[in-house]
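Under our numbering, the residue at position 303 of the sequence shown is numbered 337, and the numbers go up by one with no gaps.
FYI, nobody ran anything at the bench for these hints, they're computed from the structure.
It should be emphasised that the depicted structure is a prediction, and the values quoted were computed from it without experimental measurement.
From the three backbone atoms N, C-alpha and C, an ideal C-beta is built for every residue, glycine too.
Worth double-checking, as some hints may not be accurate.
Derived lysine to aspartate or glutamate pairs resembling DMTMM-like cross-links, with alpha carbons at most 25 Å apart [as the list claims (entries may be wrong)]:
1) Lys-96 - Asp-80
2) Lys-268 - Asp-95
3) Lys-268 - Asp-393
4) Lys-226 - Glu-211
5) Lys-438 - Asp-95
6) Lys-340 - Glu-315
7) Lys-117 - Glu-257
Between beta-carbon pairs, the in silico distance windows are [said to hold, decoys possible]:
8) Asp-322 - Cys-87: 56 to 64 Å
9) Gly-224 - Trp-190: 35 to 43 Å
10) Glu-66 - Tyr-244: 16 to 24 Å
11) Gln-255 - Thr-146: 31 to 39 Å
12) Thr-98 - Glu-183: 22 to 30 Å
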Amino acid sequence: MQTSNYLPQDSFLDSLLKSQATRLGPVFADPERYRLQLIYTRIDRDGHNYPHCTDFSYNLDKNTYFYPASTIKLAATALALEKLNDLSIRGLDRHTPMITGSMPGATPAVLTDASSPSGFPSIGNYIKKILIVSDNDAFNRLYEFIGQEAFNKSLWAKGYPWAQIRHRLGVTGISPEKNRYTNPITFRRGRKVIYQQPGLYSSLTFSPRYDLVGKAYYNEQNELVETPMDASEKNRICLADLHGILKSIIFPDLVTKSQRFRLNDDDYGFLYHCMSAQPEESEQPTFDSAAFHHNYVKFLLFGAEKNNNISGNVRSFNKPGWAYGTLTDVAYIADFAHQIEFMLSTTVYVNDNTGILSDENYQFKQIGEPFMQALGELIYNYERQRPRIYRPDLSLFKIDYSNKIF
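Sequences and hints are given; from them, build the entire structure.
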């Protein structure tokens with residue numbers, strides 16, 4: 035189990051936030067109302083460029099449930115690559131065409147993918163879609179490849195025992211029992227079958243929960259139910275674990291071997307490219323710039339604003355999520371021009387008007403995104419002026435984005 039040095043309330047971070055309280059707006063003015071939690075990791079390099087991290091937290095509470103939405107997709111990308119490495123089958127890699135069979139009542143078969151360089155689905159193309167535009171179907175296909183049982187057991191073994199990844203994303207009408215089943219999958223090159231995985235069933239026993247969200251909600255029949263939504267069978271992971279997963283991907287040498295994803299240098303480079311790329315910097319797949327604009331999934335510092343004028347020398351290696359009124363972003367931010375780096379993760383609940391879930395009347399744009407931009411700017415500006423003994427060599431994270439097929 036990963037140890038944590040997060041304090042219940044860190045005086046340094048508390049003072050830093052209070053110094054810019056006005057800029058942080060209503061969220062920081064009433065952090066309990068907006069269920070604000072955040073973690074800031076200060077990174078100092080030594081003379082050998084080895085990172086030493088100091089973690090600061092604000093309102094961090096693993097017992098306060100928030101719906102993690104798409105943030106769990108980062109773990110899925112790493113676990114899918116890890117499984118490919120564990121299988122160690124000649125000809126099986128992230129580019130190998132992956133054919134998924136159908137599961138009635140859950141998800142249909144996937145036989146082709148026009149957005150892929152090969153014209154077929156693949157682990158690599160699904161990861162691009164997940165990390166660049168947060169595609170739900172792409173996550174579901176990795177969930178089916180990994181399997182619900184392996185997904186959870188792998189996270190538990192890596193030191194995240196509170197995690198419960200129990201269902202696919204973006205599809206309705208699938209019961210908790212049905213989400214235990216995953217589709218059959220075949221990897222093939224031409225007519226040659228490289229690897230076949232039968233449909234799987236998860237027999238896991240999850241620890242009981244009693245998680246409630248909102249004041250009322252619309253059910254799948256679009257009927258208003260005037261009680262809080264029972265989220266006890268929905269996905270769960272705390273912010274500290276999301277931050278820890280990101281840290282283990284960005285700085286694998288900082289965690290023990292048992293906590294580390296079993297990835298190689300090429301895997302890490304691929305993840306860094308996908309995590310930091312803008313939608314227009316991908317050619318296959320190509321994303322519609324009207325729907326997936328510049329900074330589409332970049333909330334912290336960038337504010338998800340299409341015309342944000344932050345220099346291209348600043349990159350966010352991140353994975354956000356937004357649903358049921360909760361907005362979360364987990365990011366490693368690097369400025370290659372000024373040689374600064376830091377990690378920042380936060381979650382806020384912005385369902386201010388009615389407290390009703392699934393009415394899509396959330397304040398992501400009005401409150402959540404402006405707060406995340408202001409928070410990112412606050413930490414970034416602090417990092418710009420903070421003295422360092424050694425400037426970091428960030429060449430490992432410097433990506434050639436002119437290579438749009440990666």
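Here is how each hint holds up against the structure:
Restraint check: the Cα-Cα separation between Lys-96 and Asp-80 comes to about 32 Å, which exceeds 25 Å; the hinted pair is violated. Distance check on the hinted pair: Lys-268 and Asp-95 sit about 18 Å apart at the alpha-carbon level, within 25 Å; holds. Restraint check: the Cα-Cα separation between Lys-268 and Asp-393 comes to about 18 Å, which is no more than 25 Å; the hinted pair holds. In summary, the hint linking Lys-226 to Glu-211 is not supported, as the alpha carbons are separated by about 34 Å, beyond the 25 Å threshold.
For the hint pairing Lys-438 with Asp-95, the CA-to-CA distance comes to about 40 Å; that exceeds 25 Å, so the pair is violated. Pair hint Lys-340 plus Glu-315 holds up; C-alpha atoms about 14 Å apart against a cutoff of 25 Å. About 41 Å separates the Cα atoms of Lys-117 and Glu-257, which puts this hinted pair outside 25 Å; it is violated. Checked against the hint of 56 to 64 Å, the pair Asp-322 and Cys-87 fails, with Cβ atoms roughly 38 Å apart.
Distance hint for Gly-224 and Trp-190: a CB-CB separation of about 39 Å, consistent with the stated range 35 to 43 Å. Against the hinted window of 16 to 24 Å, the Cβ-Cβ separation of Glu-66 and Tyr-244 comes to about 20 Å, which satisfies the hint. Look at Gln-255 against Thr-146: about 34 Å separates their beta carbons, and that is inside 31 to 39 Å. Between Thr-98 and Glu-183 the beta carbons are some 27 Å apart, a value that agrees with the proposed interval 22 to 30 Å.
Going down the numbered hints, you'll see the structure goes against 1, 4, 5, 7 and 8, while the others check out.
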